[in-house]
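*Asks:* Take a look at the letters that make up each chain.
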Amino acid sequence: MKKKALVYSKKDSFWKSCVTITENILSTYKMAFHSQDLIEIDLNDEMEPKQIYEQAKDLFSKGPDQIVFVDHHPHPWEFIKHLDRLYQGKIPPIYFHLYGDFVCLSNYYYKIKDILERTPTTFFVASSKHARLINKFLETKNNTLIHPFPVNEQLFFYDAKMREEARKEYNLLSTDKVFLYTGRITYQKNVISFLKSFVKYLHFNPHAKFLLAGNFHDMGIPYIGKYQETGTTFYSWEQALYFLPREFKDRVSYIGDLTQEELQRIYCASDVFVSLSTFNDEDFGMSPAEALCCGLPSILTDWGGYSDYCNISDQYTSRVKVEMGHDEISFDKNELMKILLKDSFSFVRKDISRSYLDIYSRESVSKNLIKCFDHIPATPRFNEQKFRSISEAFENHFDSPFKAKGGGFNQSYFELYSSYAN
Amino acid sequence: MQIDEIKEKIYSPHFIDKEISFLKRKENWNEFTRRDYHFGEFLYPFSKTYFSPLNPMFLHELNRDKAYKNISVLLARDGILGLLKFFTRYPVIPEGFPHLLVPEPFLGIIPEDWLSNISTYRLRVTNLLRRKPLDSIQNIFVFIDSDPLQNSEQYIEKKIMNLEQLFSREGLLKRKVYTITKYSFDYIFHDKYLEEKHYNYFNILRLYKKYFPNIREEIKEYEVEMKNKSNSLFVSISENAFYFNDDYFTHDFLSDGIPSLEHYLSTIKPKNEIIKLSPFHGVEITEPQGIYNSRVHSLNTNVFKEILEIEDSIITKENHYLCSPDFFDYACAVQEVLKNTHGI
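Chains as they are written, first to last, in our numbering: chain A, -9 to 412; chain B, 4 to 347.
Check the hints yourself; a few may be wrong.
To be verified - Listed next, the in silico EDC-like pairs over lysine to aspartate or glutamate satisfying Cα-Cα at most 16 Å (straight line): (1) LYS151(A) <-> ASP261(A); (2) LYS10(B) <-> GLU228(A); (3) LYS186(A) <-> ASP240(A); (4) LYS12(B) <-> GLU228(A); (5) LYS51(B) <-> GLU219(A); (6) LYS10(B) <-> GLU228(B); (7) LYS29(B) <-> GLU219(A); (8) LYS135(B) <-> GLU251(A); (9) LYS27(B) <-> GLU219(A); (10) LYS230(B) <-> GLU325(A); (11) LYS135(B) <-> ASP35(A); (12) LYS186(A) <-> GLU237(A); (13) LYS230(B) <-> ASP35(A); (14) LYS1(A) <-> GLU228(B); (15) LYS361(A) <-> GLU374(A).
Said to hold, decoys possible - Stretches of chain A that chain B covers, calculated by requiring three or more beta carbons in the stretch to come under 8 Å of a beta carbon on chain B: (16) 45 to 55; (17) 226 to 235.
Said to hold, decoys possible - Residues from chain A that keep clear of chain B, each with C-beta distances beyond 10 Å, as calculated: (18) HIS72; (19) GLU154; (20) GLU159; (21) ASN205.
These aren't lab readings, by the way, just hints derived from the structure by calculation.
C-beta: ideal position from N, C-alpha, C; glycine also.
Please put together the full structure from these sequences, using the hints given.
*Replies:* Take a look at the structure:
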């Protein structure tokens, strides 16, 4: 069996979903391969340049056949440069588990472009639309493999008893139809836009209830230099709630930032998951994956990684079109309203859960992982012009890399992210 | 102004366009002076600005002529010194001045004429703030202002000793403790503290060595952002509120749902409705109950004349960035009176 070096940060990422993703990916390696064939190498952002070199030397001395970069942070470009010198230009095949931030990190990848172009390299991407986006940077088409992020099936599955208990815990009536959003709450996740549509829907269905879980963040739209002050997203939420009539106010609740165990309970207790994100890093969507594995029918934007969930079953999911406007990327509100009013969310929860766990459970993903490593890796050839221009945009205008003259998104953004749209 | 009226104003659909946009351009309301710079730096990083619809700021910052007319509510982050200076300069309410929120313990220094335009505030946590099991805590962040007027030596030692006792009782002694202290000019300019000038800072280090021989780690405020704070708690050591009452880190940590040690020891439920600043904390607002401390104001008459000198006074001592030395001494005396009468 080939020995694999797994390079990742043993220090947790700032991004909560990335902590879960990295843990789950590592567990699939342990499920798929013998532990004696796995070498773990720490690469974290507290390391000094000398320590990074020592870690590269350590990896080199252990002689792996394949090198896998599991984590997204810190970017391993310096580490790979050391490897290139140690291996005298002949690094064994490299595998990157790409996260949603590939585009933001393109200037780092560009620094090692020459090394990658003479090293067999595979990019594991979590969804088909992310593969489309990554392929825009490549001339060769056989360097990306779709390999979804795994979901912990021991935590995320449907449990009818848990549903009963959790509905009591959250004071939900049997007549309440609970719409749930979980995840980070930022501008590009469009939670407040959904709230406005939901309030209109309440006129037709007074039994509907919207529960919101997650952390408020103030990212704005950094790609075009629209930054928010800390606290403004929460303020916008409070402001939106303040003017609701009392009877509607009671139909909307923020329930906090939940632990994984609490998330399972609320997924089981709810009736519909809804996420209308148009965030630029939405390569996969951990929350919808977990919700669907808990058998929760979902309303999702046809955007980035979300589209794959809809492709698996357009019965269990309802997709909402995305509108790529000059100033913002939004969802089709009329289509959302039609979906809400159609109200076709009654399914056997276990069936939904089974359909998605068959693809996203760690066991299923680990089987796919074995197949991915059967694939013979090839050296990539990058689209120099595209790669350089995006990389320079981040190098020179990190605070607004896709801002058009006069504001809004530029052409480069539309060219790249059209791969995420419908 | 009742809380409902405040809410009506701050959640008004035009609030962002009118007030937030106005305040976002600091030059609209702040004429940046040398004293501003020194005071801001002196209190940094506790004085870092943050957004809240209650418009939190240090009162001396609002110094453009009549700029206050564009604001409906203002939360004073000041301690005793800043408030005294403000009320000495404005013994009566200037026309069009916003509704002012002042820290509850300082009601005694508010001139009677102002009471109709004042509410008092206290920071409160909501029921969504979780107390994680202490054994899951990995990082402890301690905020200390080493200035003796904000924290006396005895108080700091007592608090650090209490921390050590709690940590050893709960088996937390192997956790990482990060300390954030106030910068000083010497630190900013020379990248080091000078012991003869910053005795209190060095004293904190000595106390740490005494009580936590192996685990002290000092970090700068920008490094706080880089730490994963999910399994953390914080301790704010604050005996007095001489220079500031509302510090940036308490707001920042509570906004992220990080509890303070206080919340492990006791939870005070707000009596009134709060205005939420995050899902986890907010501000309880109360109407003044008519407490008026004549003794504090009898001191006041002695310094009215000095106010004229304040603007022109030369910065002679490190502590006097905000006012003249005489006014500074007056503020110290007021702090003593408040301590003796209200136990503040």
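*Asks:* Please go over all the hints and tell whether each is borne out by the structure.
*Replies:* For each hint, the structure was consulted:
Pair hint LYS151(A) plus ASP261(A) holds up; C-alpha atoms about 15 Å apart against a cutoff of 16 Å. Between LYS10(B) and GLU228(A) the alpha-carbon distance is near 10 Å, which keeps this suggested pair within the 16 Å criterion. Simply put, LYS186(A) and ASP240(A) have alpha-carbon atoms about 15 Å apart, close enough for the 16 Å limit, and the pair holds. About 13 Å separates the Cα atoms of LYS12(B) and GLU228(A), which keeps this hinted pair within 16 Å; it holds.
The straight-line distance between the Cα atoms of LYS51(B) and GLU219(A) is roughly 13 Å, inside the 16 Å bound, and the hint therefore holds. Between LYS10(B) and GLU228(B), the direct Cα distance comes to roughly 31 Å. Violation of the 16 Å bound is thereby established for this hinted pair. Taking the CA atoms of LYS29(B) and GLU219(A), the gap is near 14 Å; set against the 16 Å cutoff, the hint holds. Restraint check for LYS135(B) and GLU251(A): satisfied, since their Cα atoms lie roughly 14 Å apart, inside the 16 Å limit.
Between the alpha carbons of LYS27(B) and GLU219(A) the distance comes to roughly 9 Å, so the proposed pair stays at or under 16 Å and holds. With a C-alpha separation of about 42 Å, the suggested pairing of LYS230(B) with GLU325(A) is violated against the 16 Å cut-off. The straight-line distance between the Cα atoms of LYS135(B) and ASP35(A) is roughly 27 Å, outside the 16 Å bound, and the hint therefore fails. Taking the CA atoms of LYS186(A) and GLU237(A), the gap is about 15 Å. The hint holds against a cut of 16 Å.
As the CA atoms of LYS230(B) and ASP35(A) are separated by approximately 11 Å, the hinted pair is consistent with the 16 Å bound. Restraint check for LYS1(A) and GLU228(B): satisfied, since their Cα atoms lie roughly 15 Å apart, inside the 16 Å limit. A hinted pair counts as satisfied when its Cα atoms are at most 16 Å apart, and LYS361(A) with GLU374(A) does not qualify at roughly 30 Å. Residues of the stretch 45 to 55 of chain A lying with their CB closer than 8 Å to a CB of chain B number 0, which falls below the three-residue condition for coverage.
Against chain B, the stretch 226 to 235 of chain A contributes 4 residues with a C-beta closer than 8 Å to a partner C-beta. That satisfies the three-residue criterion, and the hint holds. Annotated as non-interface, HIS72(A) keeps its C-beta farther than 10 Å from every C-beta of chain B; the closest such distance is 24 Å. Distance check for GLU154(A) against chain B: the nearest CB is about 24 Å away, which clears 10 Å, and the non-interface claim stands. With a cut of 10 Å on Cβ distances, GLU159(A) stays outside the contact zone with chain B, its closest approach being about 14 Å.
Not every Cβ of chain B is farther than 10 Å from the Cβ of ASN205(A); the closest lies at roughly 7 Å, contradicting the non-interface assignment.
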